[in-house]
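Work the whole structure out from these sequences, hints included.
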Amino acid sequence: MAQAIDPELLAEARRVQIRADRMVTDVMAGGYSSVFRGSGIEFDEVREFAEGDELRSVDWNVTARTGRPFVKKFVEERELTVLFVLDASSSMRFGTKPARRPGSGDKGNRAAAGKAGARRTVAGTAALFVGCVAFAAARNNDKAGLVMASDVVDRYVPAKKGRNHVLRLIREACVPPLSGRGTDLVGALDFAGRVQRRRAIVFVVSDFLGQDVSAPLRRLAQRHDVIAVRIRDPFAAGIDRAAGDVAALPRVGLCDFVDPESGRAVTVDLASAAVRERIRANWQAERAALLATCRRAGVDLLDVPTDGSVVDPLVRFFRMRELRGAKR
-18 MAQAIDPELL AEARRVQIRA DRMVTDVMAG GYSSVFRGSG IEFDEVREFA
32 EGDELRSVDW NVTARTGRPF VKKFVEEREL TVLFVLDASS SMRFGTKPAR
82 RPGSGDKGNR AAAGKAGARR TVAGTAALFV GCVAFAAARN NDKAGLVMAS
132 DVVDRYVPAK KGRNHVLRLI REACVPPLSG RGTDLVGALD FAGRVQRRRA
182 IVFVVSDFLG QDVSAPLRRL AQRHDVIAVR IRDPFAAGID RAAGDVAALP
232 RVGLCDFVDP ESGRAVTVDL ASAAVRERIR ANWQAERAAL LATCRRAGVD
282 LLDVPTDGSV VDPLVRFFRM RELRGAKR
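Letter 216 of the sequence shown, counting from 1, is numbered 197 in my numbering, and no numbers are missing.
Possibly wrong hints are sitting among the right ones.
[What the hints assert, rightly or not] Computed cross-link-like contacts, DSSO-like style, restricted to lysine-lysine with a CA-CA straight-line distance of at most 30 Å: (1) K53 - K141; (2) K53 - K142; (3) K124 - K141; (4) K54 - K142; (5) K124 - K54; (6) K142 - K124; (7) K53 - K124.
[Claimed, not checked] Simulated restraints, written as ranges between beta carbons of each label pair: (8) F238 - D284: 39 to 45 Å; (9) A273 - E29: 50 to 56 Å; (10) L304 - A45: 45 to 51 Å; (11) R305 - A255: 38 to 44 Å.
Because the hints were derived from the structure by calculation, they are not lab data. Here a beta-carbon is modelled for each residue, glycine too, at the ideal position from N, C-alpha and C.
Laid out in structure tokens, this is it:
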């Protein structure tokens, strides 16, 4: 029996669909199609030689084994497959919202939340990212699929074409996992490598907290074009991007925090300069480690904020890839 979906989750999925569809402008769709291209032609099968076949298409190895002439058949291959590996662990559900303005009602706050600069949860931003790229793929007549995992692979949606399929991917991305709240991104990446045999563009969408994914990223990148998409809330990172320090953390003194995956609680003194400096140093070290991991694996790293446009970093990423390709 199919599981009933929470009406609020359906409404959220609908909002993501509308926003993602609006965000996929001609500029973004054009950037996608210019960066990700098909391979031209690919081998299809070997068949017996027929009248009209060219001698240069003869497969001499098969011909020698069988004693009869065989030719290689090729088909034009311009279709791409995009696969999203989506982290659905509990840490992805973190999100801070803009402060409530004095004297403003719920209607005013909902309107503010709808603006491009409104802050979303990490999971909500991930679903919006999936929607934007999947819509761009659909406009290019490409396939898109999804692997969603927490501490287990929770769901797998094989790649297909079409707008209706994109809407399904968005709905799946908006629904939390049925079981599990931890992180096993290693298992998810290995699973993706097993189910996706043909070369694909793989977007690994995660906050990349808690696991070393260097080995599975390298394995996946040997066959596929892999892009690591890191999504973080500024408060969770403890860093304000504009100020370049820990300004995003309020100086409230002792504050209780709970790890959403393990349930472990800790009290932190946010008024302490030493604590704030340690948070800043840890954050920068963790960022540098992931960047080094991606470079060693031959994987691009794309940062997407929860409090701004999803399309802007995507367009910059497309331009970077175009420029890099032009220099080769």
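Outcome of the hint check:
1. K53 - K141: holds (28 Å)
2. K53 - K142: Roughly 28 Å between the alpha carbons, so the hint for K53 and K142 holds.
3. K124 - K141: holds (5 Å)
4. K54 - K142: holds (25 Å)
5. K124 - K54: holds (24 Å)
6. K142 - K124: holds (4 Å)
7. K53 - K124: This hinted pair holds, its Cα atoms lying about 26 Å apart.
8. F238 - D284: 39 to 45 Å: violated (23 Å)
9. A273 - E29: 50 to 56 Å: For E29 against A273, whose Cβ atoms are near 53 Å apart, the range 50 to 56 Å holds.
10. L304 - A45: 45 to 51 Å: Because 47 Å falls inside the window, the suggested range holds.
11. R305 - A255: 38 to 44 Å: The hint (38 to 44 Å, Cβ to Cβ) holds, given that R305 and A255 are roughly 41 Å apart.
Going through the hint list in order, the structure does not satisfy hint 8, though it satisfies all others.
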